[in-house]
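Protein sequence lines, in the order shown, are assigned to chains G and Y. No gaps in the numbering here: position 15 of the first sequence is 15 in our numbering, and each next residue is one more. No gaps in the numbering here: position 13 of the second sequence is 13 in our numbering, and each next residue is one more.
Wrong hints could be hidden among the right ones.
Far from chain Y, by Cβ distances over 12 Å, these chain G residues were calculated [claimed, not checked]:
(1) Gly-27
(2) Asn-64
(3) Phe-187
Lysine-lysine pairs mimicking DSS-like chemistry, simulated, CA-CA at most 25 Å apart [stated by the list, open to error]:
(4) G:Lys-73 / Y:Lys-72
(5) G:Lys-114 / Y:Lys-2
(6) G:Lys-73 / Y:Lys-224
(7) G:Lys-232 / G:Lys-15
(8) G:Lys-45 / Y:Lys-16
(9) G:Lys-67 / Y:Lys-20
(10) G:Lys-109 / Y:Lys-23
(11) Y:Lys-25 / G:Lys-114
(12) G:Lys-74 / Y:Lys-25
(13) G:Lys-74 / Y:Lys-224
(14) Y:Lys-23 / G:Lys-73
(15) Y:Lys-20 / G:Lys-109
(16) G:Lys-73 / Y:Lys-16
(17) Y:Lys-16 / G:Lys-67
(18) G:Lys-109 / Y:Lys-25
(19) Y:Lys-23 / G:Lys-74
(20) G:Lys-74 / Y:Lys-20
In short, the hints are calculated from the structure, not lab data. The C-beta atom is built at its ideal place from N, Cα and C for all residues, glycine as well.
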Amino acid sequence: MITASHISKIFNGHKVLNDINVSFKQGITNLVIGQSGSGKTVLLKCIVGLLDPDEGDIIYNNVNFTKLNFDQKKTIRQEIGMLFQGGALFDSYTVEENVLFPMNMFTEKTMEEKLERVNFCLKRVNIINVNHLYPSELSGGMKKRVAIARAIALNPNYLFCDEPNSGLDPLTSVLIDQLIKEITEEFNMTTIINTHDMNSVLEIGQKVIFIHDGVIEWEGSNKDVLESDNVKLNDFIFATSLAKRLKKNPCD
Amino acid sequence: MKFLYNLGHYFYFLFKVFSKPEKLKVYYRQTFLEIEKLGVNSIYIVAIISVFMGAVITIQGALNATFPMFPKYLIGFATRDSLILEFSCTVVALILAGKVGSNISSEIGTMRVTEQIDALEIMGVNSASFLVMPKIIASMLFNPFLTIISVILGIIGGLVAGTLTGVITFSEFIYGIQRGFDSFYVTYSLVKTVVFAFIISSVSAYYGYYVSGGSLEVGQSSTKAVVYSSIAILFFNVVLTQLMLM
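Just chain Y, same shape as in the assembly (with noise of 0.2 Å):
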């Protein structure tokens, strides 16, 4: 029943975030702030995450290949469909759910218990619209580019490690990306970025607005923030990937 209850006020609140802006100049402006905020300050840490996603992908690609006749390109084959498919952009995503999930309920949250959001409503701004609505498109928007870099930069990860090692050789992993490239596997992957990154700036903020108490609260619901937007997050892949690839 709690779970009912819960999912039927998350829905009155997108409602409430979807409703007609006060001021649209207002709103572009947050929107390009929380681009930086959410976006652009996360670069550092999905580069990081992918170069060693990419890595780990391409030594352990090549642990399982020890058969002769298993030609050694496919290490870098399976190390960019993997990347592609379900480490950028899920794997990504569940670490930003981590990240901005936690960023957004607790900046969220605090504005609550501290009544900034209740001074937002006494001066007749619709408080959800003003302050999630940037925060999800803002996510919605940028989050694709982060998979992007999060490909590329794992793919070279893997590259570098792959040489490094002596497992493959360079233009065996060279030839291995290119080979039977699937452009529908990009979009399958971005579609699947900008619905998590839905998820994980709504949940989030829905669990940060609703907090009442004080700084334990607040903290609650970071976790709770994160917690449900990753099973969102693991319930959407299986969704997606049963609509598209089947």
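Okay, chain G solo, but in the shape it has when bound (with noise of 0.2 Å):
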């Protein structure tokens, strides 16, 4: 379980986060939702420690992860894994070697588990036969694959997405759902999904946290969504005050 208590970040005096209290079970799929700028990568950013928050803390199972030096840190970094929003697989090594690098970093394993690991990661991410291949060489819903497969490769206790959907088809989007589900349930891992795509928190949101400027507006679930009266969600959801003013002036 991770949680975040009392969490503000300010960026050249704006606070961008606002006292954010909130927890993330273990073994569901936990979505971050909200508009763009509304404060939610900068969460994520926070709690995987890219940033420092400005106050507050992170606790990872007990632990207080801002309170920790570089090498205390290091201990936690190694149980998570991240998927980022373009991928962020390194260039310059093949699919098989991104797969292979946190394991060549971080165990003693010898070439033949390490092999066996990545081709079972692979595998599970539903990619096969592109070992071989570059990033470059690969589309967007095949590198999300390969990322997902990479953050898994050291069998992560924390998973992070950053917008997993972004610029893929509502097709590999809902696959891309699914399996990040699925490895969530699997693996009993703690997932937290930053997303604005609402078939994504329909689909998986098991647990659902709305954030506007920087604060938390709602939690609930895919079920209670879009029964909620809340205002600021539903303008979210539904668009509902882009609709008022089309309404008022089609012209815009």
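Put the complex together from the two separate chains, hints included.
Here it is, written out as structure tokens:
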């Protein structure tokens, strides 16, 4: 379980995150939703330690991550897998080398064992016979799958996904969502997904957190997200303010 | 003030680069890959430049040696010393600042804007050390070979150009390059090369590592890397010359 306690982050005098308090449970998909610029990515970066929050603590299973130094953070970071918006695969490495990389850095396994694990991870994300291709030779969906394979190579306890569906067609998006949900349940990981894709929310949003202007406005699940009476959430989901404006002035 | 900020930031970056590596075996392999990428792949350009540089030094030397009492072999002597003392270390370093420096800066900068560096950090890898240390070590190890190759090919270029144009005979040139040889000049040249290799790789990596934005900023950082490493090379050229030759 991951807990964010009283997290605030300020950029150039602007409070991007304002006293965020939230817990992300293990074994389910936790979705953070909100408009672009609402603070989702900043929250995710604070949780994984790419940004230091100005106030508050991030707690990984009773360990206060924000109070650890670089070397102490390494131990927790080796339990983290992350899927970036663009995949963030290493361009100069092949698919196989990309998935091998975390094992080469942090395990003492033999090459045979590592390759076995690589093939298992690639098979798990339904990618076969691409071991020797470079990222530039893969489609967007394949890159995301390889990135997931790399993220789960070390059997992580925590999986973070930043906009996993961006740039993908609807069918591939659904497949990636399902894959993330299956992996989360199969490996009992704490998974946090940043998205503004409503299909993902409805498909896999076992826990949904809605952020607006750096504040948590609503928490719930995909079952009650459509029935909420929160105006800002409804504005986000149904684009009601846009609909009203278009009704007033169709030329917009 | 900005200069001081960048200087301090650069030394902080170097501290990160030279902190304890995660796994030495991976770093060794990475260093050999960088030797190939940054060093071996530069042989071709260094060879071409050196041959023509040697040829031009010889012809220009001959043009300035029209006085009848001036011994012709001094053209070979001047070509050798010019190549060892300045051209094969400093001029080649400036050319490598353009070729290798822009390569390093744009490679690391692209990794930054495509979140590959963030991916390394999240895995628990010291990205500055993993990406930059092998490049610095590779450059410092291999660039002296490039300097030696440059001196040899420059002399050959001078010999060929001198004899083909008839400004000096083969035997006069060979006598010239053997005359008054001071082996300390080679040491001086190699020391400069190692310092310049450090400057090129670390300054370029610094500008690439801290880039933010997109492809436009990567291009700008690449330009800055070449400009500032060239200025640093020229500055340290004066400093080292003063320290070692005076």
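With a cut-off of 25 Å on the C-alpha distance, tell me whether G:Lys-109 and Y:Lys-25 pass.
Since the Cα atoms of G:Lys-109 and Y:Lys-25 sit roughly 13 Å apart, the hinted pair holds (cutoff 25 Å).
Please work out if G:Lys-74 and Y:Lys-224 have their alpha carbons no farther apart than 25 Å.
With Cα atoms ~33 Å apart, G:Lys-74 and Y:Lys-224 exceed 25 Å; violated.
If you draw a straight line from the CA of G:Lys-109 to the CA of Y:Lys-23, is it 25 Å or shorter?
With Cα atoms ~13 Å apart, G:Lys-109 and Y:Lys-23 stay inside 25 Å; holds.
Proposed proximity, Y:Lys-25 with G:Lys-74 (alpha carbon, max 25 Å):
holds, 19 Å
Just to be careful, I want the Cα atoms of Y:Lys-25 and G:Lys-114 compared with a cutoff of 25 Å; is the pair within it?
holds, 16 Å
Should the label of G:Gly-27 as a non-interface residue stand, given a Cβ cut-off of 12 Å to chain Y?
About 21 Å separates G:Gly-27 from the closest Cβ of chain Y, which puts it past 12 Å; holds.
Would the non-interface assignment of G:Asn-64 survive a Cβ cutoff of 12 Å against chain Y?
holds, 17 Å
Starting from Y:Lys-16, check that the Cα of G:Lys-67 is at most 25 Å away, please.
holds, 20 Å
Quickly compare the C-alpha distance for G:Lys-45 and Y:Lys-16 to 25 Å and report which way the hint goes.
Holds, at roughly 21 Å.
With a cut-off of 25 Å on the C-alpha distance, tell me whether Y:Lys-23 and G:Lys-73 pass.
holds, 17 Å
Beyond 12 Å from each Cβ of chain Y, as asserted for G:Phe-187:
G:Phe-187 clear of chain Y: closest Cβ-Cβ about 17 Å, beyond 12 Å.
Given the hint that G:Lys-73 pairs with Y:Lys-72, does the C-alpha gap stay at or below 25 Å?
This hinted pair is violated, its Cα atoms lying about 69 Å apart.
The structure shown violates the earlier hints numbered 4, 5, 6, 13.
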